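Undergrad: Model the full assembly from the supplied sequences, consistent with the hints where possible.
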Amino acid sequence: MVTKDPNSTGITLVLGGARSGKSAFAESLMPDTGDLVYIATAEPRDDEMSARIATHQKRRGSLWNTIEAPLELSKALKATNGKPALLDCLTLWLSNLMEAGRDIDQETKTLTACLQDLPGPVVIVSNEVGQGIVPDNALARQFRDHAGRLNQAVAAVADRVYFVTAGIPTQLK
Amino acid sequence: MVTKDPNSTGITLVLGGARSGKSAFAESLMPDTGDLVYIATAEPRDDEMSARIATHQKRRGSLWNTIEAPLELSKALKATNGKPALLDCLTLWLSNLMEAGRDIDQETKTLTACLQDLPGPVVIVSNEVGQGIVPDNALARQFRDHAGRLNQAVAAVADRVYFVTAGIPTQLK
Amino acid sequence: MVTKDPNSTGITLVLGGARSGKSAFAESLMPDTGDLVYIATAEPRDDEMSARIATHQKRRGSLWNTIEAPLELSKALKATNGKPALLDCLTLWLSNLMEAGRDIDQETKTLTACLQDLPGPVVIVSNEVGQGIVPDNALARQFRDHAGRLNQAVAAVADRVYFVTAGIPTQLK
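Protein chains in written order, with the numbering used here: chain A, 1 to 173; chain B, 174 to 346; chain C, 347 to 519.
A hint or two may mislead.
Derived list of chain C stretches under chain B, where covered just means 3 residues or more per stretch with a C-beta under 8 Å from a C-beta of chain B [unchecked claim]:
1. 355-367
2. 476-482
3. 498-508
For the record, the hints were derived by calculation from the structure and aren't laboratory data. Nothing here was measured: the structure is a model prediction, and the numbers come from that model. The beta carbon of each residue, even a glycine, is placed where N, CA and C say it ideally should be.
TA: So, in structure tokens, the structure goes:
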């Protein structure tokens, strides 16, 4: 059983597959009161994505201050000014970076440096995408490789790492 | 090490990837004697599927009473009348439901309500399908989303949840 | 925390998804000194693969004796003569076997028999590929099925089994 710690500090990484309940679990780790920041990397490009974003917003309620950060994640993290933040999610950010032609290794280094300097606690959601069959196309393989390395890099600087399966969290670190 | 408990009651969910040994592990949780019910959601549509069903039947032996339930799962569960049942598997049932155009959210609610009212113990097998790369086509993404939510819903009412990797069970709940 | 045991013997299986850090973790389990054998199943067929092999070689350093074994794995294992060996990886070997039209069930039996007779310790790396959506094409499904059974068979004879997620090992056995 995972108990919420309102005084918890530092970096928490929440990993899981698609529809594993990782976002709901990540939200459950946040304090019940006070100013909270939601850092959204998603952009509502189509109906499917809009519906998903609306579902997540409805669950969170209206007390959150949302920062949209499809690309400039470190800037958004610094703007939290020590308030507890929930970042959802790293894999969508990676997808946006790849589409924008950014240098992923450099962006990963900038992010981990920024996380280690952050004054407030942050809970970070990310997808596990590397446990299926090797994808046919090269771009999907590149994405999978970058996602794996990004998760490793953030897990290395995280104070706590959870893996969520069918709504059940397991603490890995 | 997992020890078989012949008096065990309630709902046990066994999750795992393809060829993870989840069916064999689920069968190992069943009592050695007495009337047992096997609820099969698979339909032998092609040679590949027929061969798979035959392999599973051979391993179980001939003492089981089999109920075929490609769609009407709750009806099959009620028909067990308190006898220990093994249900294999939820993901194939979901696939049949989607093909038949059923309302998945409603079917999920009906199933979890039925499970909570069941007089006898049941072991349920299901696949983890959400830890690979995002599928190209929309139908596969829908299936993955439904499967994740279905696994979460059943895990929430289950007394025990196992995840099987390379034949080795890990208890999640 | 996993502590390296330079006197450790027997068979260790390290499973994980793509870019999970499983190779680096497997290498960390090897002794720091003495003659070490690296059994490589990869063949540098394209630039992507060549780059990956070069990265792994650079990390290992030049003290290793490398045996290339795209197909004849048991022969390579016997040639270690009791020296600690790292085998990377089983899934690439399976891929080579399938391409060469070999009998996978027979090859799996030969491998597990050879492993149980081995005088020295061996650390074996393999991929989890069965936790995504069912692949469209039959060959990918066959590969996934064979990989699952091969991992089960090797896990059954292994003394220790680890699963690596985002660089973090979890001991399954």
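Undergrad: Determine for every hint whether it applies to the structure shown.
TA: Hints and how they fare:
1. 355-367: With 3 residues in contact (Cβ-Cβ under 8 Å with chain B), the coverage given for the region 355-367 of chain C holds.
2. 476-482: holds (count 5)
3. 498-508: holds (count 5)
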